[in-house]
Amino acid sequence: MFEDLLARPAVEVAPLLLGAVIRHGSVAVRLTEVEAYLGAEDPGSHAFRGQTPRNAVMFSGPGRLYTYFSYGMHVCANVVCGPEGTASGVLLRAGRVIDGAATARARRTTSKGDRDLARGPARLTVALGITLDHGGTDLGHGPVHLEPGDGVAEYLAGPRTGVSGVGGGADYPWRFWIPGDDSVSAYRRHTPARGARSVTTGRRPPS
DNA sequence: ACGATGATAATCT
DNA sequence: GATTATCATCGTT
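In terms of our numbering, the first sequence is residues 407 to 613.
Quick caveat, the hints were computed from the structure, so don't treat them as lab data. Backbone N, C-alpha and C fix where the C-beta goes; we use that ideal spot for every residue, glycine too. Hints should not be assumed to be uniformly reliable.
Now the in silico label distances, taken between C-beta atoms and shown as ranges [to be verified]: (1) Gly546 x Ile504: 13 to 21 Å; (2) Gly548 x Asp410: 17 to 25 Å; (3) Gly542 x Ala576: 29 to 37 Å; (4) Ser432 x Arg455: 37 to 45 Å; (5) Arg414 x Gly548: 19 to 27 Å; (6) Gly519 x Arg460: 28 to 36 Å.
Let the sequences and hints guide you as you build the complete structure.
As structure tokens, this is what we get:
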């Protein structure tokens, strides 16, 4: 099942989530940009310094939703990955709204066009109506659903966005996105992408 | 199109 | 008291 896929390490799961669909009620988003965060071995991870009340969900089993509040006003969403206890997850950075655009527009009044509705991790949670209350819910059975996609033919990998210190460097190229998609977040898009690489998956592109 | 900056508060040290 | 897995706005090219 999908849970088996999520039980793999986050660095493996992340590119597989490109093209997958996350849905909450009438709004559905096809993921175009994600980032992997490992636990104790990843200086960029919230779990790097061990378990705290905030990151406790990351230490639970795969397939749960880990939400957190940061910068005083933003909610971001992660898919918790296994193996259990590793506290790894995949941050949902951006996607394209493929269903429920009217609802998403009403929530994201500052959005210029539909490509901006979920272009960025905090924008994505607003467009989907995901709040901190959804943290810890099961993505297979809860109000927020994650559905596997058909995969993407090719993706790019590079340093993570917004991660300070060594964890944001070329040694951790765990940001994955669909090349050429205009719903990929523009934030720091033009920082030198050292260590960036292109990967061909051999999968068929979604119709 | 791009860079700088203020907003704003939970979390951790 | 410092830091933060960000966004919108406003300034300059």
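These are the hints, each one checked on the structure:
| no. | hint | in the structure |
| --- | --- | --- |
| 1 | Gly546 x Ile504: 13 to 21 Å | 20 Å, holds |
| 2 | Gly548 x Asp410: 17 to 25 Å | 18 Å, holds |
| 3 | Gly542 x Ala576: 29 to 37 Å | 33 Å, holds |
| 4 | Ser432 x Arg455: 37 to 45 Å | 39 Å, holds |
| 5 | Arg414 x Gly548: 19 to 27 Å | 21 Å, holds |
| 6 | Gly519 x Arg460: 28 to 36 Å | 34 Å, holds |
When the structure is compared with the earlier hints, no violation turns up for any of them.
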